[in-house]
Amino acid sequence: MEEKKVVIELDNVRRDFKVGEETVHALRGVTFKIYEGEFVTIMGSSGSGKSTLLNQLGCLDTPTSGEYYLDGIPVRKMKKNERALLRNRKIGFVFQNYNLLPKTTAVENVELPLMYNSRYSARERKEAAIEALKAVGLGDRLYHKSNQMSGGQMQRVAIARALVNNPTIILADEATGNLDTRTSYEMLVLFQKLFKEGRTIIFVTHNPEIARYSSRNITLRDGKIREDVINTDIQSAAEALAALPVNQDD
Amino acid sequence: MNYLNLLKVAIKAIASNKFRSFLSMLGIIIGVAAVIIMMAIGQGSKESVRQNISQMGTNLLMVRPGADMRGGVRQDPSAMQTLKQEDYDAIVQNKKYVTYVSPEVSAGGQVIYGANNTTTTVYGESIEYFDIKQWDVELGDSFSDEDIRKAAKVCVVGKTIIDELMPNVSEPIGKTIRFKSIPLRIVGVLKSKGFNSWGMDQDNVIIAPYTTVMKRILAQTYFSGINCSSITEELTDNAIDELTDILRQRHKIKDGEEDDFTIRSQQEIMETMSSTMDSITIILVVAAAFSLIVAGIGIMNIMLVSVTERTKEIGLRMSVGARGIDISSQFLIESIMISVTGGVLGILLGWLGTVLCANFGLPVSIPLWSIFLSFAVCTLIGILFGFFPAKKAATMDPIEAIRYE
Ligand SMILES: Nc1ncnc2c1ncn2[C@@H]1O[C@H](COP(=O)(O)OP(=O)(O)OP(=O)(O)O)[C@@H](O)[C@H]1O
Ligand SMILES: [Mg+2]
Numbered sequence: 007m008e009e010k011k012v013v014i015e016l017d018n019v020r021r022d023f024k025v026g027e028e029t030v031h032a033l034r035g036v037t038f039k040i041y042e043g044e045f046v047t048i049m050g051s052s053g054s055g056k057s058t059l060l061n062q063l064g065c066l067d068t069p070t071s072g073e074y075y076l077d078g079i080p081v082r083k084m085k086k087n088e089r090a091l092l093r094n095r096k097i098g099f100v101f102q103n104y105n106l107l108p109k110t111t112a113v114e115n116v117e118l119p120l121m122y123n124s125r126y127s128a129r130e131r132k133e134a135a136i137e138a139l140k141a142v143g144l145g146d147r148l149y150h151k152s153n154q155m156s157g158g159q160m161q162r163v164a165i166a167r168a169l170v171n172n173p174t175i176i177l178a179d180e181a182t183g184n185l186d187t188r189t190s191y192e193m194l195v196l197f198q199k200l201f202k203e204g205r206t207i208i209f210v211t212h213n214p215e216i217a218r219y220s221s222r223n224i225t226l227r228d229g230k231i232r233e234d235v236i237n238t239d240i241q242s243a244a245e246a247l248a249a250l251p252v253n254q255d256d
Numbered sequence: 002m003n004y005l006n007l008l009k010v011a012i013k014a015i016a017s018n019k020f021r022s023f024l025s026m027l028g029i030i031i032g033v034a035a036v037i038i039m040m041a042i043g044q045g046s047k048e049s050v051r052q053n054i055s056q057m058g059t060n061l062l063m064v065r066p067g068a069d070m071r072g073g074v075r076q077d078p079s080a081m082q083t084l085k086q087e088d089y090d091a092i093v094q095n096k097k098y099v100t101y102v103s104p105e106v107s108a109g110g111q112v113i114y115g116a117n118n119t120t121t122t123v124y125g126e127s128i129e130y131f132d133i134k135q136w137d138v139e140l141g142d143s144f145s146d147e148d149i150r151k152a153a154k155v156c157v158v159g160k161t162i163i164d165e166l167m168p169n170v171s172e173p174i175g176k177t178i179r180f181k182s183i184p185l186r187i188v189g190v191l192k193s194k195g196f197n198s199w200g201m202d203q204d205n206v207i208i209a210p211y212t213t214v215m216k217r218i219l220a221q222t223y224f225s226g227i228n229c230s231s232i233t234e235e236l237t238d239n240a241i242d243e244l245t246d247i248l249r250q251r252h253k254i255k256d257g258e259e260d261d262f263t264i265r266s267q268q269e270i271m272e273t274m275s276s277t278m279d280s281i282t283i284i285l286v287v288a289a290a291f292s293l294i295v296a297g298i299g300i301m302n303i304m305l306v307s308v309t310e311r312t313k314e315i316g317l318r319m320s321v322g323a324r325g326i327d328i329s330s331q332f333l334i335e336s337i338m339i340s341v342t343g344g345v346l347g348i349l350l351g352w353l354g355t356v357l358c359a360n361f362g363l364p365v366s367i368p369l370w371s372i373f374l375s376f377a378v379c380t381l382i383g384i385l386f387g388f389f390p391a392k393k394a395a396t397m398d399p400i401e402a403i404r405y406e
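Chain order of the listed sequences is W and Y. For what it's worth, our numbering labels the leading residue of the first sequence as 7, then goes sequentially. For what it's worth, our numbering labels the leading residue of the second sequence as 2, then goes sequentially.
Just chain Y, with the same shape it has in the complex (with noise of 0.2 Å):
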């Protein structure tokens, strides 16, 4: 029988069958709708992973102190002390595939002007800080080298402290706002940035020089790290290379002996974090694709009763000249159908499940090839489940079936 007949009669054993089929067929829609959202989900997050990480800055290097905390090993908090002012200035006169360095001391508090106060981090940075995070300034300016070098009670304020602290100003630039006490003139205004991907508002921020911050605010000679970019993303390691020469010159630290400081590539977080992504994801998926076996299942057994009802037919089929073939086929495609229908109805309850997500803010993208996916792994399983079926039906003695009542 050519394939356009059998989808026939396919059709019409399901149809005939209507809540039946759509019963067997409901396991194959979960299982495919499941997996659509799981992977969307997946896929979702680990873009917006992606895009909060290259937030950070581009080809950024960050130098922290203590050695690679990684292995889980306690430090002595002297150890987290070893970044100092000479080990900057010796990276900047040193430097070569690095090209912009700040470093970086930071201060959690409350920050007032007038009657309003709000709770803010103050960060201590070169002004290199702006290339570095590719952050412009929006009003007014960034302090200056000068700034830095007399550690001057100046700031570059994120939109948010405007928004809490001087709701009613309309030109904040030249006004002084306190923090600890110490009096901090905002000379610019940073572009906003919004939230990042954490719930984190990335503009509630104070940026000062570090001398500032170091002096007159924490009174300690250390930095809490030093953040650099390199040239372009090719010479990261490069940079990483000679970062870690300068400083372990620096720290006169013998060969054979580890690194008293540790240095991360963003390249490197990416990687970590949409590596963590990955297997999160494939956990799901797996979990939703068990589903589809057990409605695979359901659908062989659905197929079975089918077999077994239509005996009769069989037996008629064959003895007007239909071979095993012919039968097993029949049995197949409409095994097939099922799958596949319940494959489409699947993707698209996985589509309007993900859209329903991305209404409730969740990260939701779905990648085109698990629709493929979903399709291909459909009309296996409706092999894969139907032959037993099928092959039952066409192995049948054509006398024995047409009798059986």
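Chain W on its own, in the form it takes in the complex (with noise of 0.2 Å):
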């Protein structure tokens, strides 16, 4: 492990939120070090922060004190738009509730970040999205709007948006939340096969049981880090899924 490199680095960041007179201290103080090619996995209570963390690893917010390191560049050193550019390229962020642009197809949803890159042509794009479609499994849904699809296809097409842009990083919040079993260790199976691949996850859940599929698992509580374990038995999601009873109606 000592070899890898160290992708993200936060050392004591804070984040506090002022709610009319009171401050709520979302993160009070968590410093890790996440290497090239670990699958993280993030557990807690409600309201332990990790929303709030994943929010400050993708770029998308800032410490209020404390520094975040990308890459060994700290993070609020940075402009507006290298952040931006961090996102577009080196990013995948599945939002805890999807946020997906209303009225507007998968396909389009999830062509979205690669319109912010001028390297990919339109019909480059398409073909990326479908082919992120089909790899959640939903390449029998292109073309439904946002508002046409389930809460499980809705996540997926989020999941897809967050692989379409090739990112070393995927952060995903209960990314598998709103899955039934089998569609879980679907997605699971992908996200280990993204693992393979070498690319660094950080996956945010409440199911105890997902942290056996990851290398690693840290625990928040009250916005602090609680335990961080390393993984020594990382199971295979593939043969769990195999494992499955048969769904009568296949």
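No false leads were mixed into what you were given.
Just so you have them, the derived chain Y footprint on chain W, three or more residues with Cβ under 8 Å:
1) 61 to 73
2) 76 to 90
3) 93 to 101
4) 116 to 124
A short list of chain W residues far from chain Y (calculated; beta carbon distances all over 10 Å):
5) Thr37
6) Val113
7) Lys151
8) Ala246
Quick caveat, the hints were computed from the structure, so don't treat them as lab data. Being a predicted model, the structure only gives us computed values, none of them experimental. For every residue, glycine included, the Cβ atom is placed at its ideal position computed from N, Cα and C.
Combine both chains into one complex, guided by the hints.
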């Protein structure tokens, strides 16, 4: 592990929110390093600061104090456009509440990050979007609008959108929260495949089961790290999927 | 994001709010249509006035008795009787830059033929009058030098006189009409000129030798004016100087004293008229332009609503890598599209309005540049009034925007 490159380094990161007179301390000094190619699950009770942490890692937000180094560069010192470029090229983000464009087809939603990348032509964009949608099992829902899809389908569109730009860092906030067991495992298979390709994955979840398929698990409580364990016995999601009882309808 | 995509996004945004977009366009549509119609009327009237003035004659110079009245000073009636036969003779003898000369006297009244009568004006002129006015005698001939010398009771008449007095007469030449009991034998009929833009019938005239009108009809010894034409348009100023010299000498006006006559050139009248028309047009256009500013504020209002409504979308776009400039161009292009589409519709509406005005008989002519100007102004309005909402969108914080409900 030591010879691996540090991709993400947090140094005593705090994030306070002012709500009226009160101050909410969402993160109270978080320090950790994440190496290239790790599959980290983040767990913790509701309100423990998981989404707040992920927003920091996704360069969507900056810490109140402390420092976040991405590839060794402090994010705070970056210009707004540099952060936008990172979000566009390096990071794939799956939001907890999907955040799809309303009244817009699955393909158009997935294309969105590539719209801001001039290296893609219209055709390449569409091809990449369709490929990403097929990877999440939505090949038959390409032109359904976001308001014509189920929660699980929307969630998978959000995953496809996060993967379409071939990011090296994938940040997923409850990416399987709305999926049935089978589809959840299908998504896990996908994430494990990305993990094997060497991408860095940070996966927020409430489901302790999922930690068995990741390489490391961090548990948050009240905005602090309570536990940080390396998983030496990574289970195969593909095997688990195969072992699932076959659905009667299939 | 490239421009094609920005355009698509803008079209989609406008299309998803058709009625609202149309309402905000409406201000621009009306404003542009108003500007186009105003300019078309301004330009049209100017052209028709120019045409009227040029119909007055070629390189026309009008000498009138009395000092320049533009100061508004009241003048003695005797001052209006200074132009005499001797002045005319002096001009004819000494002219170099002046070609044609015709003294003018006129009398209004009834003219009778048989049981018919009509009201008209008899102008006493020299033969050169027809050259100055470039007015052809269509039927018969003009009167002769002999007629002028003898103050012969002959006349040339306009078409209207014939139509009114002798509708059933096939050969008007040689017929005698009566004006204030003076019999005048028709020797010629003028080519029809029709109405001018002030609604005056230019064919309702009788032209007679000036001697006849002065001696037999009015019994006066002075002219109401002398009309001349300069050799060429360029020599107009020389012709004016020449006439001034001749008349000052004749009237024995000492150096430093004011002229007791006024010379106006056709050019000068034309310039005065068109500058008056111009200022009227400018006032109308400025008024219409203000409505464009109001329309621009309307667009800004709608864009601000649109930005607020789409806060979540803006946050999402930013979170997947849109830069501030991408977001601001998106909204800027949307506002430009609204104003330019409004502009195009406004130009169409303005054109329709112009056609309608033309149907009502108003002189109109759309200057081509007014279309380009409207286009440019609309784009400018789009940029100007879209700028603030676009900036507001671009400076949003991605995470706050995405959490906005
Ligand atoms: N923009 C904000 N303004 C004010 N308080 C906030 C804001 N964002 C988060 N918080 C607060 O910070 C704390 C952590 O929130 P966060 O969303 O990170 O929790 P979480 O661990 O993701 O919870 P969940 O599992 O329910 O998604 C909460 O107490 C929340 O109220
Ligand atoms: Mg959360």
